[in-house]
Amino acid sequence: MYNYIGISDHELSLLFKNGDHHAFTEIYNRYSGTLLLHAFQRLQDEEEAKDVVHEIFCSLWSKREEMIIRTNLKGYLYTAVQNKVIDKVAHKKIKTAYANSLQEYLDKGDWITDKSIREKELSTLIDKEIASLPDKMRQVFEFSRNNSYSHREISNILNISEETVKKQVHNAIKILKIRLASFIILFFIFFFIFIYH
Amino acid sequence: MPEKNAYLLLEKIKNGTCTAEEKAIVESWYLQWKQENPAGLSEQEFLASLQHIRSALPQHQTGTRRLYRISAVAAGLLLVFGLAFIFLKPAKEQDALQNHVVADFKPGGNKAILTLSNGKKISLDDQMDQQQLSGTEKNIIRKGKAKGELVYDATKENIIVNGDNAIANGTAGLSNTIVTPRAGQYKVILSDGTQVWLNAQSSIRFPVVFAAASREVEITGEAYFEVAKRTRTNPNRQQERIPFIVKTPKQQVEVLGTHFNINCYEDEASTNTTLLEGAVSVSLLHSAKNLNPVTYRLRPGQQSKLTGTVINVATVDAEEEVAWKNGTISFANADIKSIMRQVSRWYNVDVKYQGAIPARTFTGSIPRNSRLSELLKILKFSNINYSISGSQLTVLP
Numbered sequence: 001m002y003n004y005i006g007i008s009d010h011e012l013s014l015l016f017k018n019g020d021h022h023a024f025t026e027i028y029n030r031y032s033g034t035l036l037l038h039a040f041q042r043l044q045d046e047e048e049a050k051d052v053v054h055e056i057f058c059s060l061w062s063k064r065e066e067m068i069i070r071t072n073l074k075g076y077l078y079t080a081v082q083n084k085v086i087d088k089v090a091h092k093k094i095k096t097a098y099a100n101s102l103q104e105y106l107d108k109g110d111w112i113t114d115k116s117i118r119e120k121e122l123s124t125l126i127d128k129e130i131a132s133l134p135d136k137m138r139q140v141f142e143f144s145r146n147n148s149y150s151h152r153e154i155s156n157i158l159n160i161s162e163e164t165v166k167k168q169v170h171n172a173i174k175i176l177k178i179r180l181a182s183f184i185i186l187f188f189i190f191f192f193i194f195i196y197h
Numbered sequence: 001m002p003e004k005n006a007y008l009l010l011e012k013i014k015n016g017t018c019t020a021e022e023k024a025i026v027e028s029w030y031l032q033w034k035q036e037n038p039a040g041l042s043e044q045e046f047l048a049s050l051q052h053i054r055s056a057l058p059q060h061q062t063g064t065r066r067l068y069r070i071s072a073v074a075a076g077l078l079l080v081f082g083l084a085f086i087f088l089k090p091a092k093e094q095d096a097l098q099n100h101v102v103a104d105f106k107p108g109g110n111k112a113i114l115t116l117s118n119g120k121k122i123s124l125d126d127q128m129d130q131q132q133l134s135g136t137e138k139n140i141i142r143k144g145k146a147k148g149e150l151v152y153d154a155t156k157e158n159i160i161v162n163g164d165n166a167i168a169n170g171t172a173g174l175s176n177t178i179v180t181p182r183a184g185q186y187k188v189i190l191s192d193g194t195q196v197w198l199n200a201q202s203s204i205r206f207p208v209v210f211a212a213a214s215r216e217v218e219i220t221g222e223a224y225f226e227v228a229k230r231t232r233t234n235p236n237r238q239q240e241r242i243p244f245i246v247k248t249p250k251q252q253v254e255v256l257g258t259h260f261n262i263n264c265y266e267d268e269a270s271t272n273t274t275l276l277e278g279a280v281s282v283s284l285l286h287s288a289k290n291l292n293p294v295t296y297r298l299r300p301g302q303q304s305k306l307t308g309t310v311i312n313v314a315t316v317d318a319e320e321e322v323a324w325k326n327g328t329i330s331f332a333n334a335d336i337k338s339i340m341r342q343v344s345r346w347y348n349v350d351v352k353y354q355g356a357i358p359a360r361t362f363t364g365s366i367p368r369n370s371r372l373s374e375l376l377k378i379l380k381f382s383n384i385n386y387s388i389s390g391s392q393l394t395v396l397p
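Residue numbers (my numbering), protein chains in the order written: chain R, 1 to 197; chain H, 1 to 397.
Among chain R residues calculated to face chain H with C-beta under 8 Å, some are: (1) Gly33; (2) Phe57; (3) Gln82; (4) Ala99.
Simulated from the structure, these hints should not be mistaken for lab results. Yeah, the Cβ is synthetic: ideal placement off N, Cα and C, and Gly gets one too.
Could you put together the complete structure from these sequences and hints?
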């Protein structure tokens, strides 16, 4: 068993760069909710927001070895979500609303030239979004970061019956059982070869 | 000067041609851009989305802590028996067993069978064993610089392609065949310098040394050609280009010197010829009945589709069509069955369908050296489920 919940982002990213799977899981637990909420807030499209988060974590995993996290893990992920959202906007078929807002900004003709200031502001902005979540969403958000709630707690938060929660967990266990079955088959293969020699 | 038009600027972002200054402007805009009356995700949508993303990640763990414990017990058991096995058994068997267990999920590699003109079959993988060569070709064939590459080098023995030396050398009229199995690919450089990449489950038959006036090969499956330009002096003492003809079971393609891809797998609905560079003429197979069939000239970026006896020409994303040759499995608006046909050839799995087959189309790409499970994870992200037993992959609704 592992427990990375208490460790700092900095330690986490070091562990991750060394290829630690649990560190990756913990980074996912810590940040996926935040990134998803932000991407959805900007894109207003569930599928696109999911894509953004999925792509970020896929590339985070595949690039872990060559990755140099310039500032910090949080800054890196927030910049990634910003870039992906901007990219999605640029690829949208209908982008009138976005283009109008951008045009207004372009016409004003001034912008923040310092990269580190932009990064800091982005960080403040996204943290603020999370801080201002409605109560119930906030609970669910905390739940998503720390996956150790009981059936009853989940059912209370989601306002669905405990039965439904049990059923969902049951489904997850079923998948695991299939995996266990393949372990057992493997074990028998080992076993027979052992006997025959 | 940075771009002042929002649409054009967005276009530049899309194409990745932004300057650093333009990037700074867009990022600054991003900080103060607000959606009017944004909708929020519901709590259930939020959790379901996260679960969905997590299940599609390359490295993921699902379920609750309790599940971790069950899997820890299973892993522990496995470790004990695994260790016992490693220490008590010779290493060779252990390798064989491991290969047996995981082989179904590995991507294909450099594998092919070469048949020499004397009928001898030679198995090719990353490297060719020069010792195995025999017959007249012995001094002509060598392994290439890259892995999985075979070179027919006629210059070594001073055999000039458009000379008569081939006859003197005894290679005239001799053909070789290279066949790739499922999950195999190979590259061959022919005696005229033409490069051919063979995809999985494909074949090419070609003369060991091309004759003076014509160049002709036959293929099945899928191959990408980079044809070398060759000229000869005709009896009127004029220089003329030597055509290169590729025959497939149903059509023939005549070229002068160009880059193109032919996909003529029997299980695909059509024979597709895609041109990347130069010019080619596509026609139905010339036959006694059909001495002079209609030919279609393709321009770069165009693809001809032969269905039945009808040829249609359209503009396509040519790079996409030859992604396989560049080491990528790529599909654009492809239905699940056509993706699975590729999967079946490259991963050597049989594919079955259970229940209704989703009619949706998919767009995406993944390196060809990925394991099958990685590709399936991406499809699972689009709600395509599957089960695997042995070398049988079943797509579930």
